[in-house]
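Listed in order, the protein sequences are those of chains A and B. To convert, note that position 41 of the first sequence is 41 in the working numbering; the numbers rise steadily by one, no gaps. To convert, note that position 21 of the second sequence is 309 in the working numbering; the numbers rise steadily by one, no gaps.
Hints are supplied without guarantee of correctness; some may be wrong.
[Unchecked claim] Residues of chain B clear of chain A, computed beta-carbon distances all greater than 12 Å:
(1) 354
(2) 357
(3) 428
(4) 527
(5) 594
(6) 603
[Stated by the list, open to error] FRET-style restraints, in silico, Cβ to Cβ:
(7) 33/A - 419/B: 33 to 39 Å
(8) 53/A - 343/B: 21 to 27 Å
(9) 37/A - 397/B: 41 to 47 Å
(10) 171/A - 393/B: 58 to 64 Å
(11) 344/B - 163/A: 48 to 54 Å
(12) 359/B - 39/A: 23 to 29 Å
(13) 166/A - 301/B: 37 to 43 Å
(14) 307/B - 167/A: 26 to 32 Å
(15) 242/A - 461/B: 41 to 47 Å
(16) 53/A - 344/B: 44 to 50 Å
[Said to hold, decoys possible] Which chain A residues face chain B? A few, computed with CB under 10 Å, are given here:
(17) 42
(18) 44
(19) 45
(20) 124
(21) 213
(22) 221
(23) 226
(24) 227
(25) 269
(26) 272
In short, the hints are calculated from the structure, not lab data. Just so it is clear, CB atoms sit at the ideal spot from N, CA and C, and this is done for glycine as well.
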Amino acid sequence: MSGLWFVLSRLARDRSALIGLLLIALLVACALAAPLLATHPDDVFELHPAQRLRAPSATHWLGTDRMGADVYSRLLFGARITIVIGIIAVGASLVLGVPIGLVAGYYHGWLSDLLMRVSDIFLAVPQVVLAIAIAQTLGPSLPNVILALSVTYWPWFARVVYAETRALQKEVFVESTSALGASAWRLTVLHVLPNIASPIIVRASIGMGFTILTAAALGFLGLGPPPPTPEWGRTIAESREFLPDAWWYAAAPGLAIFLTVMGFNLLGDGLRDVLDPRLRRSRTVRDG
Amino acid sequence: MRLLALLLRRLIWFVPTLLGLLAVTFVIARVVPADPVSLVAGETATPAQVAALRHELGFDRPLPVQFVDYVGRLVRGDMGTSLYTRRPISEDLVLRLPATIELTLVAMVVSVLFGIPLGVLSALWRNSILDHALRVVTVSGLAIASFWLGIMLQLLFAMRLGWTPLNARLQGFPPRPITGFYLVDAALTWDWATFASALSHIALPAATLAFPALATLVRFTRAGVLDVMQSNFVLYERAMGLPRPLIVWKYILRSALTSTVTQIGLLFGILLAGAVVTEAVFDWPGIGTYAVNSILRSDYNGVMGFTVWAGAIFIVVNLLVDVAHTLVDPRERTT
Chain A
1 MSGLWFVLSR LARDRSALIG LLLIALLVAC ALAAPLLATH PDDVFELHPA
51 QRLRAPSATH WLGTDRMGAD VYSRLLFGAR ITIVIGIIAV GASLVLGVPI
101 GLVAGYYHGW LSDLLMRVSD IFLAVPQVVL AIAIAQTLGP SLPNVILALS
151 VTYWPWFARV VYAETRALQK EVFVESTSAL GASAWRLTVL HVLPNIASPI
201 IVRASIGMGF TILTAAALGF LGLGPPPPTP EWGRTIAESR EFLPDAWWYA
251 AAPGLAIFLT VMGFNLLGDG LRDVLDPRLR RSRTVRDG
Chain B
289 MRLLALLLRR LIWFVPTLLG LLAVTFVIAR VVPADPVSLV AGETATPAQV
339 AALRHELGFD RPLPVQFVDY VGRLVRGDMG TSLYTRRPIS EDLVLRLPAT
389 IELTLVAMVV SVLFGIPLGV LSALWRNSIL DHALRVVTVS GLAIASFWLG
439 IMLQLLFAMR LGWTPLNARL QGFPPRPITG FYLVDAALTW DWATFASALS
489 HIALPAATLA FPALATLVRF TRAGVLDVMQ SNFVLYERAM GLPRPLIVWK
539 YILRSALTST VTQIGLLFGI LLAGAVVTEA VFDWPGIGTY AVNSILRSDY
589 NGVMGFTVWA GAIFIVVNLL VDVAHTLVDP RERTT
């Protein structure tokens, strides 16, 4: 696929996008290889109260937490949770938001208005607030956090898709395809959707960053997966009462969050620079 | 004329959007496995007592009836009573609103005051050390978790260095309430000791809140200025010999600011969202902590009250931003 190669080669020339890609690769590697990379893989469940709150050392690279567990190992397993939350929440928002955006963009009547107003409602309050309300109502657990995040993020996809679909309707190829007798479904899925893939991809990457931050905030407030799950936000909350002495306890998970989100943001920016508008222009010329 | 049409259209949608928001929150709050009524009644309550309380609070009626009743009372300004504090929610919120507004305003002022000039300089001195340093700030601004930033700032400035207090809004007695904003009231009553105290207390929370906003502003101002710098009118002005500072700070900035004005609306959203978490970290007595506490105590009336306020403020601010955008950008008016 010449399109894909074009994207990848241009992306490779963007240094910050590469850094982003590297950070994401690091995250995925940590998550996948957690049992192998961890120095104390059992510390996710086991307690060693005698070793609590030790400073970073040769045995405990990032020190120990209030239960005596190795901070570094728990951080690695926390990466798994972060990725799972990110992928499923953003994926679900995409699956929900893109079709809604397509329908709203394609039709022009009351349905379109209604759909966009509904998405406005969800955007009326900052995502974190609504997510907190939903997560608290349902109870602190991993699936509930994912649900809360998906329900609050889909409008972003819907909006982007709606705007792009409307813009595309003015293009000649849409008019001609429709005149040739293509059904609404065929036109939307086979012709419109591939052309708006780029903004969707960019939004997905940036969305990963936002979602992970919001998930961490939920964890911090105690609304995330319950202990002993090594979720990063919750770990930061746990560490507060031991400051300023056990500073590593609070600093490490925060840095992990920071690097992860920065990775997705950098990649998203790089993708946006590459995919838009060059790729879009070349593809619309091909379709017809 | 276009302005009027825009205003009218937005006002028409204001009520349905708010209603929709209420409906969503209402449904979420009521359709729940855990039972808030038994939580309020306490662990020793008998089933009969719980049922009686449920009836007293009106939770045993069908959902649509509850909703209509709630909206009806809302229109009259009655937000119901907090399930936890047993006080009218509107009272609780009004008491706490100034704290949040003061924090948000200070954060916004700081981010605008530093963000816009830094953005302009970053564009002018492209690829300089300053530009690269600001790039780092911009990228990290949106990647740092606010609550973590707050905690780290507390760790450094309050705990290790002792330069600022750890949390809360003030030590000692508040100034005479004129506006409700401690900084303003203390200044107006010439109470400089209180002013200093309020300032030192607001420093860290405002910095935490302002950081992502600052990052966004620098980024968009930079992009806007770079964009405008290419235009013909700038070339013309330089050819005419206008002094560079004049070109930059008067003409380029005004053009670039049209997009920045829209960003300020977005900013408000970021700040409001950040306020909820930041207030929790610093024990700031605003509506953010009220929301978090209501949520954690299953105080559904409190949650609804906060959502109504936050939603209404947000929608209004977005409307104002759209209006301001139309005013600032003359091109929009003639379309």
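Legend entry - Evaluation of the interface hint that places residue 226/A against chain B, nearest CB under 10 Å: Because about 14 Å separates residue 226/A from the closest Cβ in chain B, which is outside the 10 Å limit, the hint is violated.
Inset, instruction - Starting from the hint 21 to 27 Å, judge whether the C-beta atoms of residue 53/A and residue 343/B obey it. - result: violated (51 Å)
Legend entry - Status of the given 26 to 32 Å range, CB of residue 167/A versus CB of residue 307/B: holds (31 Å)
Legend entry - Agreement of hint residue 44/A with chain B interface, Cβ distance less than 10 Å: With a minimum Cβ separation of about 22 Å from chain B (threshold 10 Å), the hint on residue 44/A is violated.
Inset, instruction - Against chain A, does residue 428/B hold up as non-interface, every C-beta pair farther apart than 12 Å? - result: With a cut-off of 12 Å, residue 428/B comes too close to chain A, as the shortest Cβ separation is near 6 Å.
Inset, instruction - For the range 41 to 47 Å, tell me whether the beta carbons of residue 242/A and residue 461/B fit it or not. - result: With Cβ atoms ~33 Å apart, the hint is violated.
Legend entry - residue 37/A versus residue 397/B beta-carbon gap, inside 41 to 47 Å or not: holds (46 Å)
Legend entry - Non-interface claim for residue 527/B versus chain A (Cβ beyond 12 Å): The assertion about residue 527/B holds, with a minimum of 31 Å to chain A.
Inset, instruction - Tell me if residue 269/A is really an interface residue toward chain B, meaning its C-beta lies closer than 10 Å to one of theirs. - result: holds (8 Å)
Legend entry - Cut-off 10 Å, beta-carbon criterion: hint that residue 227/A touches chain B: violated (16 Å)
Inset, instruction - Using the beta carbons of residue 171/A and residue 393/B, state whether their distance is inside 58 to 64 Å or not. - result: Once the Cβ atoms are compared, 45 Å apart, the range 58 to 64 Å for residue 393/B and residue 171/A is violated.
Legend entry - Status of the hint placing residue 42/A at chain B (closest C-beta pair under 10 Å): Constraint on residue 42/A not satisfied, violated at 27 Å.
Consistency note: the structure conflicts with the earlier hints numbered 3, 5, 6, 8, 10, 12, 13, 15, 17, 18, 19, 23, 24 and 26.
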